[in-house]
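Given the sequences, and given the hints that come with them, work out the whole structure.
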Amino acid sequence: MKFIAENTSIPIPKVYCSFVHGDRAFILMERIQGDEIPTAWKKLQKAGRRKVYGQLRAILHELRSLQPPPGTGIESCTGGSLYDSRIKQCRGTRFGPFKTVQDFHFWLREGLQASELRERETEDGSEWRDLEKMAAMQDAGPWPPPVFTHADLNPFNILVRGDEVVAVLDWEFAGWYPSYWEYTSAWIGNLTRTGWQEALEQFLDPFPEKLEMERTRQKWWGEV
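For the sequence shown, position 79 (counting from the first letter as 1) is numbered 79 according to this note's numbering, and the numbering increases by one without interruption.
Treat the hints with care, as some may be off.
[Unchecked claim] List time: in silico DSSO-like cross-link candidates among lysine-lysine, alpha-carbon distance up to 27 Å:
id, residue 1, residue 2
1, 51, 14
2, 88, 14
3, 88, 219
4, 99, 2
5, 133, 99
6, 219, 133
7, 99, 219
Keep in mind that the hints were calculated from the coordinates and are not lab data. Model, not experiment: these values are computed from the prediction.
Dropping the structure here:
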């Protein structure tokens, strides 16, 4: 949050202090008055919702405008490890950093080699074609530089007052990720909120092929 406050104009709560007590970390921050998107939507007409989407689009554009330092891989804003409780291998631990996007992908699929999938069949005799396609997409290159990503854009992490976005919350998953990660993590992380999935393209660039790639990974690795 300090990184976002110092490098963007994105509205976030002001952090007053942070400390560790026992084995837990705590952050004392500003309380911002506002409604989460589901509550705000009950009060807003179409014009107000469009205005909110426009502000979110500007916020994400500003986030994407942050330039990664030379040599940045998949890592936190300080160059260290990341956290995402939705990733199976990460539950209870941190992960990374990774020098390249391909290294990150290789870790996500737990070292599975594309060559292992060729000629391999499931018990019902069908080929693992979806996994082959996923691995081929993950290994393809060159990948563009990573972009700074919130990584948990759900309707409860955005506060609105009237028709103004007053805060984007919960940055604990944030870091430098592949360019598709914001869209796919927001889509897959909100499987039961189909209205939000449909709204994502109002303010995020869609990556339909990468979404298919990620849905395959999460299906086989038990994350959805």
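Do the hints match the structure? See the list:
At roughly 24 Å between alpha-carbon atoms, residue 51 and residue 14 fall within 27 Å of each other, so this suggested pair holds. At most 27 Å may separate the alpha-carbon atoms for a hinted pair to count; residue 88 and residue 14 exceed this at roughly 32 Å. As the CA atoms of residue 88 and residue 219 are separated by approximately 11 Å, the hinted pair is consistent with the 27 Å bound. For the proposed pair residue 99 and residue 2, the alpha carbon gap of about 24 Å is at most 27 Å, so the pair holds.
Taking the CA atoms of residue 133 and residue 99, the gap is about 23 Å. The hint holds against a cut of 27 Å. Between residue 219 and residue 133 the CA atoms are separated by roughly 14 Å; this keeps the pair inside 27 Å, and the hint holds. With a C-alpha separation of about 26 Å, the suggested pairing of residue 99 with residue 219 holds against the 27 Å cut-off.
In this structure, the one hint that does not hold is number 2.
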